[in-house]
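Colleague: Residue numbers (the working numbering), protein chains in the order written: chain A, 1 to 169; chain B, 1 to 209.
Worth flagging that the hints you see were computed from the coordinates, not collected in a lab.
The C-beta atom is built at its ideal place from N, Cα and C for all residues, glycine as well.
Watch out, some of these pointers could steer you wrong.
To be verified - With the C-beta cut set under 8 Å, the calculated list includes, among others, these residues of chain B facing chain A:
#1 GLN21
#2 ASN37
#3 THR38
#4 SER108
#5 ILE174
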Amino acid sequence: MEEDHKQEFIEQVMESQGILHKICRVYCDDVEQRKDLSQEILIQLWRSYGSFRGDAKFSSWMYRVALNVAIQHLRKAKKRPDDLKLTPEMQEMASSSDSELLDENVKLLHYAIRQLNDIEKAIIMLHLDEKKHEEIAEIIGITQNYVRVKMNRIKEKLRKTLNPQPHGA
Amino acid sequence: MELDALKTIWLKTAKDQLTAQELNKEDILLAIEQKSNTVISKIRKRLTLKIWMQSLIGVIGICLAVFLLSKGERLIGVVYFFVFLLLLGLAIHKFQHYRLIVEFQKSSAPVRATILRIIEIMQKVIFAQILTTVALAVVFAILFSYLSLEKIDKLAGWLQGLIVLAIAIGTPGIFYLIAKRGQHKMFGKYLQTLREYLHELEFENELKP
């Protein structure tokens, strides 16, 4: 019985493991931290699996548990947003739409997300994953109206990071 | 770069990431059999150790008190009995917090509710830790001062009583500050971060100028 339960859990996690990778990438800067967080999320998912009754989507439930772990997880030597500056090269990348620059754009995207705080990271990640406001509100535990307000703030922050105004403009 | 472009890049990256870092069944199985390392898990482990230690000392102490009482050492026997009974009581109190944490770790509540709950649990655990430190410090300070003063024949009974009373009044304040500082050093930063997250999730705060 326990073995069947475990197998069922593993299969469901395998199907939705993209969530795990995305959260680790967004919340951790280096590979070691990502490994730790990934393992911690899997442990907590397994511990909480009994509370998953199937009335919500598995992916929403997984997001909820994984985000809770990521937000609680203490990371070493966390860089403050102010410590990071957008280099001229990065600014150039931001204005380019060339598909050859996809890798650099990925770095830029993660750089921009890293400038946000942990709560904003969770909201933008769910938005980029094409979750509706209703689902974001349910996962985070706030109202849909507040999700809209937050999204506008986050978009504004990202816009400023990705398209910084030149000095004196 | 516009936000729509961000979404396209995000979805493309997610696919690439999955291909590059895909976990197999063995990886997942191995991970879930490991021990958790979150702050709340560490608190739970620390509590488990303290509960066992306190319960063990409490039971041994009560047995010792009973033995002293049977040997006719009435005063010291009664004092020991109440001190170790208090220790046992505090262990039971800690066990209640342990159960709170276990129950919390099995839940999969939304982020805001989870943060709120961790803050509540942490505050209760911190308060219990301070209470334990203060209670034990007071009991041992009174006991130690009483036994020390009893050996000094020159001191009058009322003076001995006054000194014990002064120690009983002064000890809680001093140990409250020490315990509070210790707890703040251990969990203060973490608790502050959680409070900031919670503040971030309160709609009313967004409306404030």
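Colleague: Now look at each hint and say whether the structure bears it out.
Modeller: Each hint, compared with the structure:
For GLN21 of chain B, the suggested interface contact is upheld, since its CB lies about 6 Å from the closest CB of chain A, less than 8 Å. The restraint placing ASN37 of chain B at the interface with chain A holds, with a minimum CB-CB distance near 6 Å, inside the 8 Å limit. A distance limit of 8 Å between C-beta atoms decides the matter here; for THR38 of chain B the minimum to chain A is near 6 Å, and the interface restraint holds. Evaluation of the SER108 of chain B hint against chain A yields a held restraint, the C-beta minimum of about 4 Å falling below 8 Å.
Because the closest C-beta pair between ILE174 of chain B and chain A is about 31 Å apart, greater than 8 Å, the hint is violated.
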